[in-house]
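Undergrad: Letter by letter, the chains look like this.
Protein chains: 2
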Amino acid sequence: MQSLTVVKIGGKVLEDDRQLSSALADFAAVEGPKILVHGGGKRSDELCLQLGIEPKMVEGRRITDAPTLEIVTMVYAGLLNKKVTGLLQSAGCNAIGLSGADGNAILAHKRAKGQIDYGFAGDIDEVNSGMLTALLNTGLVPVLCSITHDGKGQLLNTNADTIATVTAAAMAANYRVTLKFCFEKAGVLRDPADDAAVIPMLNQADYARFREEGVINAGMIPKIDNALAAKRGGVNKVLICGVKAISPAATQNGTEICL
Amino acid sequence: MQSLTVVKIGGKVLEDDRQLSSALADFAAVEGPKILVHGGGKRSDELCLQLGIEPKMVEGRRITDAPTLEIVTMVYAGLLNKKVTGLLQSAGCNAIGLSGADGNAILAHKRAKGQIDYGFAGDIDEVNSGMLTALLNTGLVPVLCSITHDGKGQLLNTNADTIATVTAAAMAANYRVTLKFCFEKAGVLRDPADDAAVIPMLNQADYARFREEGVINAGMIPKIDNALAAKRGGVNKVLICGVKAISPAATQNGTEICL
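In the order they appear, the protein sequences are chains A and B. When we follow my numbering, the leftmost residue of the first sequence carries the number 230, and every step to the right adds one. When we follow my numbering, the leftmost residue of the second sequence carries the number 230, and every step to the right adds one.
Where hints are given, some of them may not hold.
It does not matter which identical chain is meant; a pair holds if it fits inside one copy or across any two.
[As the list claims (entries may be wrong)] The list that follows gives simulated cross-link-like pairs (lysine to any residue, SDA-like), each with its CA atoms no further than 20 Å apart:
1) K263 / A363
2) K271 / S358
3) K285 / Q248
4) K466 / A402
5) K466 / C322
Note that these hints are calculated values from the structure, not bench results. Quick caveat: nothing in here was measured; it's all calculated off a predicted structure.
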């Protein structure tokens with residue numbers, strides 16, 4: 230089975246041009262088929278504010294009303310996705326930027342209204358692994374932003390960590406997949422105040438115990454849950470790590486998540 | 230030689246949701262391999278104004294300074310390209326939205342400063358017909374917006390009519406190409422005040438004579454020049470027409486441009 234690397238980079242890396250260029254050069258150096266997934270960062274919030282739209286968040290999740298959907302589509306699928314694609318091209322990586330609408334890459338449905346109406350938030354139904362494989366077989370490197378669609382002409386806003394998880398799991402049917410969730414720390418920390426206290430390997434039992442003991446930062450919980458979902462979905466290796474772990478020559482590998 | 234249809238739709242169609250849906254349904258119904266190229270419309274000007282950036286035009290051409298480049302990238306490659314792609318998907322057409330950076334689709338260089346500094350305006354060096362052909366062979370339908378790149382990480386703003394022209398000519402090496410420039414009139418008019426006065430066929434000699442006589446509206450000149458360039462580039466059939474001529478069942482075919 231052929232190897233495939235899926236790397237997710239977060240908003241913070243996208244906000245720092247030097248860090249972004251370095252991370253993308255490292256990604257360009259990864260051998261074999263690969264996919265990049267990127268988040269959004271603060272730029273969409275800034276644009277909302279400039280246009281007089283107050284960003285609305287409930288429990289860390291964005292409420293995507295119609296004007297906000299237009300803004301995130303502009304920033305994620307336009308500004309950031311094309312910036313990343315152009316930089317990867319300049320680094321010799323034949324990137325192709327995609328939203329979920331492009332080639333029907335990611336089909337989603339509008340999240341049902343519960344106690345909270347998340348607006349145009351999309352929950353994923355299916356990742357088009359066949360189309361992504363066809364692009365990979367042409368030598369292209371898909372770069373996915375966090376916009377999906379419902380197949381009926383409606384764009385939707387979907388969490389980038391979830392996109393990375395579901396994409397990696399869908400590709401795992403035909404590839405031996407390594408998934409790296411890169412964020413601003415070097416891995417899951419045993420002590421949030423000590424950046425060097427990276428837990429090299431974390432399994433479900435340890436995770437349950439650490440959660441109980443309050444050792445793991447609350448902000449890490451959705452990320453670890455996504456990582457575990459990827460493992461359960463058949464992904465071979467899942468890491469939560471810093472951008473320095475993108476490089477094939479990396480010595481810091483972050484935290485490997487195991488079942 | 231296989232047939233290929235290249236359709237360019239302008240900004241005005243993109244501004245009218247009903248007209249856009251109808252034009253895209255007609256495009257979805259076109260059989261065989263096809264490519265859509267779309268312009269920008271007023272939305273980017275509106276966003277410039279909302280953000281306090283005065284749109285700058287010289288002789289009908291936009292001056293693309295750095296903040297304007299960000300805005301056109303957001304609007305053309307983000308908002309409009311994804312809207313068109315999502316609508317085509319809903320019409321059963323497997324569209325994939327692309328800027329020139331995606332898969333290195335369109336390589337350009339920043340226009341040299343002459344008497345006018347156009348800023349981040351891109352003049353096309355090469356259309357990647359091999360990559361576009363690979364996408365077409367996968368059953369995908371490329372949807373090109375008017376953002377190109379220089380291969381060194383710089384995005385550039387390029388006229389959509391020119392993109393349609395150079396793309397159609399590049400594809401003509403391997404396809405029998407029909408190129409339709411769709412705009413708000415039904416074709417080149419013999420009398421700008423009479424929408425029914427469509428010239429069915431216009432060759433270079435007639436064009437020169439009409440220009441001399443002042444019969445043709447000045448706004449049509451760059452469009453006809455592009456159409457002639459496409460013919461000289463080997464495009465089999467070039468039409469300047471209304472969006473109603475997109476449909477394979479169209480009875481109005483606009484103006485065919487000949488050498």
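Undergrad: Confirm or reject each hint.
TA: Structure-based check of each hint:
Taking the closest pair of Cα atoms, K263 and A363 come within 20 Å of each other both inside a single copy (13 Å) and across two copies (18 Å). Proximity of K271 and S358 under a CA criterion of 20 Å is satisfied in neither setting, with 30 Å inside one chain copy and 36 Å between copies. Taking identical chains as interchangeable, the C-alpha atoms of K285 and Q248 are never at most 20 Å apart, the minima being 28 Å within one chain and 33 Å between chains. For a Cα distance limit of 20 Å, the shortest separation of K466 from A402 inside one copy, 14 Å, qualifies, whereas the shortest one across copies, 45 Å, does not.
In this homomeric assembly, K466 and C322 never come within 20 Å of each other (Cα to Cα): the closest approach is 23 Å inside a single copy and 36 Å across copies.
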